[in-house]
Amino acid sequence: MKSKELLHTILFFIGLATLLFLLRQFVFTPVVVKGHSMDPTLADGERVIALKNTEIKRFDIVTFPAPDEPKKNYIKRVIGLPGDTIEYKNDVLYINDKEVKEPYLDEFKGAVTDGSPLTLDFTLSEVTGEKKVPDGEYFVMGDNRRNSKDGRMIGFISKDKILGDVKFVLWPLDRFGTI
Numbered sequence: 001m002k003s004k005e006l007l008h009t010i011l012f013f014i015g016l017a018t019l020l021f022l023l024r025q026f027v028f029t030p031v032v033v034k035g036h037s038m039d040p041t042l043a044d045g046e047r048v049i050a051l052k053n054t055e056i057k058r059f060d061i062v063t064f065p066a067p068d069e070p071k072k073n074y075i076k077r078v079i080g081l082p083g084d085t086i087e088y089k090n091d092v093l094y095i096n097d098k099e100v101k102e103p104y105l106d107e108f109k110g111a112v113t114d115g116s117p118l119t120l121d122f123t124l125s126e127v128t129g130e131k132k133v134p135d136g137e138y139f140v141m142g143d144n145r146r147n148s149k150d151g152r153m154i155g156f157i158s159k160d161k162i163l164g165d166v167k168f169v170l171w172p173l174d175r176f177g178t179i
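Per UniProt numbering, residue 1 is the first one in the sequence shown, and the count goes up by one each step.
Keep in mind that the hints were calculated from the coordinates and are not lab data. Keep in mind that a hint or two might mislead.
[Stated by the list, open to error] With a straight-line cut-off of 25 angstroms between C-alpha atoms, the simulated SDA-like cross-links for lysine to any residue are: (1) K131 <-> P117; (2) K161 <-> D174; (3) K89 <-> D39; (4) K167 <-> I14; (5) K161 <-> L173; (6) K131 <-> I56; (7) K71 <-> F156; (8) K167 <-> L7; (9) K109 <-> N96; (10) K161 <-> N144; (11) K52 <-> V127; (12) K89 <-> R58; (13) K159 <-> Y104; (14) K71 <-> G45; (15) K159 <-> P67; (16) K149 <-> A43; (17) K52 <-> K109; (18) K57 <-> K161.
[Said to hold, decoys possible] Now the in silico label distances, taken between C-beta atoms and shown as ranges: (19) N73 <-> L20: 37 to 45 angstroms; (20) W171 <-> E99: 16 to 24 angstroms; (21) N147 <-> I14: 44 to 52 angstroms.
All C-beta atoms, glycine included, are put in the ideal place defined by N, C-alpha and C.
Between the sequences and the hints, there should be enough to build the whole structure, so can you do that?
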């Protein structure tokens with residue numbers, strides 16, 4: 001009787017481990033935020049979950065291998081989708097020549113006291129040499145525009161390089177929940 005109970009317990013844990021492994025491989029990936037490029041949305045040291053195989057939309061926060069630093073991943077916000085033109089003028093985002101609000105930056109813009117904009121003026125062609133975001137690519141930026149190595153420096157991110165769409169904060173517990 002005891003050996004049958006022990007066998008059931010062992011099989012349960014093997015099944016649970018297999019399920020968790022498969023979920024980790026195909027559904028989600030845990031990520032640790034390193035640095036301050038996504039302040040105030042995500043802070044250094046936070047632990048988040050990125051969902052794999054999701055449709056990437058404008059303003060999603062994604063993680064991808066750093067194109068300029070092997071063995072490191074970046075977390076940035078998707079600003080430009082394939083076919084978009086992007087321009088910043090007077091700290092205002094224009095996508096396809098239309099002003100687009102960025103409410104997630106309001107807190108940061110309000111904290112700027114030196115008279116300079118949070119996001120310096122630029123056009124997509126000035127920073128990438130392209131007038132539009134190419135097919136299968138995305139233009140990404142960190143929310144802390146003054147302290148972010150993003151699309152303005154590293155160029156476009158290929159759709160197939162995106163590891164996941166960050167949706168949940170796990171740690172610290174006072175920030176637990178969806179983004």
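Can the restraint linking K71 and F156 be considered satisfied, given a maximum Cα separation of 25 angstroms?
Roughly 19 angstroms between the alpha carbons, so the hint for K71 and F156 holds.
Has the given pair, K131 with I56, been kept, meaning a C-alpha gap of at most 25 angstroms?
Since the Cα atoms of K131 and I56 sit roughly 21 angstroms apart, the hinted pair holds (cutoff 25 angstroms).
Has the given pair, K89 with D39, been kept, meaning a C-alpha gap of at most 25 angstroms?
Answer holds: K89 to D39 is near 22 angstroms, not above 25 angstroms.
Below or equal to 25 angstroms on CA atoms is what counts here, so check K161 against D174.
violated, 31 angstroms
Going straight from one Cα to the other, do K159 and P67 come out at no more than 25 angstroms?
holds, 13 angstroms
Is K167 within 25 angstroms of L7, Cα to Cα?
Cα-Cα ~38 angstroms, so violated.
Is the distance from the Cβ of W171 to the Cβ of E99 consistent with 16 to 24 angstroms?
36 angstroms Cβ-Cβ, so the 16 to 24 angstroms window is violated.
Satisfaction of hint between A43 and K149, Cα-Cα up to 25 angstroms
holds, 16 angstroms
Satisfaction of hint between N144 and K161, Cα-Cα up to 25 angstroms
holds, 22 angstroms
Hinted pair, alpha-carbon criterion (25 angstroms max): K71, G45. Please report holds or violated.
It holds: about 18 angstroms lies between the C-alpha atoms, which stays within 25 angstroms.
At the C-beta level, are N147 and I14 separated by a distance inside 44 to 52 angstroms?
holds, 46 angstroms
Does I14 lie within 25 angstroms of K167 when you go C-alpha to C-alpha?
Answer violated: K167 to I14 is near 28 angstroms, above 25 angstroms.
The structure fails to meet hints 2, 4, 5, 8, 11, 17, 19 and 20 from the earlier list, while all remaining hints are met.
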